[in-house]
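Spelled out from the first residue to the last, the chains are:
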Amino acid sequence: MSEERLWKFRRPEWMNSANARSAGVYGAGALASLAFFAIIDAAVWSKSHWNGSEVHVTFVDWLPLIFSFLGMAIINSIEKTRLSADSFSYSGSGVAWKARVVLFLGFASLAGGMAGGVTVLVLKYIVPQTSWPTLYMGVANVLANGLVMLSSVVLWISQNMEDEYSYNLSL
Amino acid sequence: MMTAGLKTIISLSFILAIGFLLVILSCALFKEYLPLLVVATYVLAPIPNWICGRCADPDDFVESSGNVVVDFGKFCTGFLVVMGIALPAVLAHSDLIRIPAMIMSIAGGLLIYGTIISFTMFFQEEQEF
Numbered sequence: 000m001s002e003e004r005l006w007k008f009r010r011p012e013w014m015n016s017a018n019a020r021s022a023g024v025y026g027a028g029a030l031a032s033l034a035f036f037a038i039i040d041a042a043v044w045s046k047s048h049w050n051g052s053e054v055h056v057t058f059v060d061w062l063p064l065i066f067s068f069l070g071m072a073i074i075n076s077i078e079k080t081r082l083s084a085d086s087f088s089y090s091g092s093g094v095a096w097k098a099r100v101v102l103f104l105g106f107a108s109l110a111g112g113m114a115g116g117v118t119v120l121v122l123k124y125i126v127p128q129t130s131w132p133t134l135y136m137g138v139a140n141v142l143a144n145g146l147v148m149l150s151s152v153v154l155w156i157s158q159n160m161e162d163e164y165s166y167n168l169s170l
Numbered sequence: 000m001m002t003a004g005l006k007t008i009i010s011l012s013f014i015l016a017i018g019f020l021l022v023i024l025s026c027a028l029f030k031e032y033l034p035l036l037v038v039a040t041y042v043l044a045p046i047p048n049w050i051c052g053r054c055a056d057p058d059d060f061v062e063s064s065g066n067v068v069v070d071f072g073k074f075c076t077g078f079l080v081v082m083g084i085a086l087p088a089v090l091a092h093s094d095l096i097r098i099p100a101m102i103m104s105i106a107g108g109l110l111i112y113g114t115i116i117s118f119t120m121f122f123q124e125e126q127e128f
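If you read the protein sequences in the order shown, they are chains A and B. The first sequence maps to residues 0 to 170 in numbering that gives the first Met the number 0. The second sequence maps to residues 0 to 128 in numbering that gives the first Met the number 0.
Treat the hints as calculated values from the structure; they're not laboratory data. A virtual CB, placed ideally from N, CA and C, is assigned to each residue, including glycine. Take these hints with a grain of salt, some might be off.
Examples of chain B residues toward chain A, derived with CB under 7 Å [as the list claims (entries may be wrong)]: (1) Glu31; (2) Tyr32; (3) Lys73; (4) Gly77; (5) Phe78; (6) Val81; (7) Met82; (8) Ala85; (9) Val89; (10) His92; (11) Ser93; (12) Asp94.
Using the sequences and the hints, build the whole thing.
Written out as structure tokens, the structure is:
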């Protein structure tokens, strides 16, 4: 195991416990919920009487978040053990390669969602020079996409923890 | 570790009643009944965990598909718990409810959810044997 290590720094020991793993999964759900409600908040606020401007949240504002959630679903649907299964014979022909292509699509969708959020913020809110309470809708959009990204990172790390844990246990 | 005696049941039901009181007060004081959704959220929150815990066999460490189902249940539970806090905040931010109503419904919802969690924690110990 130690011969095949890629990174210089070792993962701390406490991260391999079952409690840290479930805390990570709960935290990922909490972050995804925060992201979802950031955009919901912007949409509801847009139609409330606090919003004095003419700018409203439309479908364009939702599109980056849809891509982000799609990317998160793709990334976390992949069987992680298949990614490094090049040398094993049971993985069939090119399963690792296919898994990496799908994983790349997932990451591209996630990054595209983030970039789309920034694009909406710039093109819809900063370029027309809207002032702060209206600008909040664009900021919430970027915030939501960043939280989805953070959530998938946390989920990825905690699912890799799970692999280590079950590996130790099965030995 | 801790025996679930009569005192536990009485104090838990007392806390549950206080939680419901806070949520209902936050609705009735301002004649705006949207914060009642918090109760539904917190009652629904442990259900994905229970269902996915039934579907998967946690003792089976060789097959990793069971753990994925458990993780999905935990993910949904985490989502719903934060939803219970975020929902009153969203409503208050758009001035659909007042700020005191938001504080009361969040506190009441957390009390209700804490009661549900501690109830399952106290009474799961006996079922394991």
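Next item on the list: Would you list, in rising numerical order, the hints stated earlier that this structure does not obey?
Entry: 1, 2
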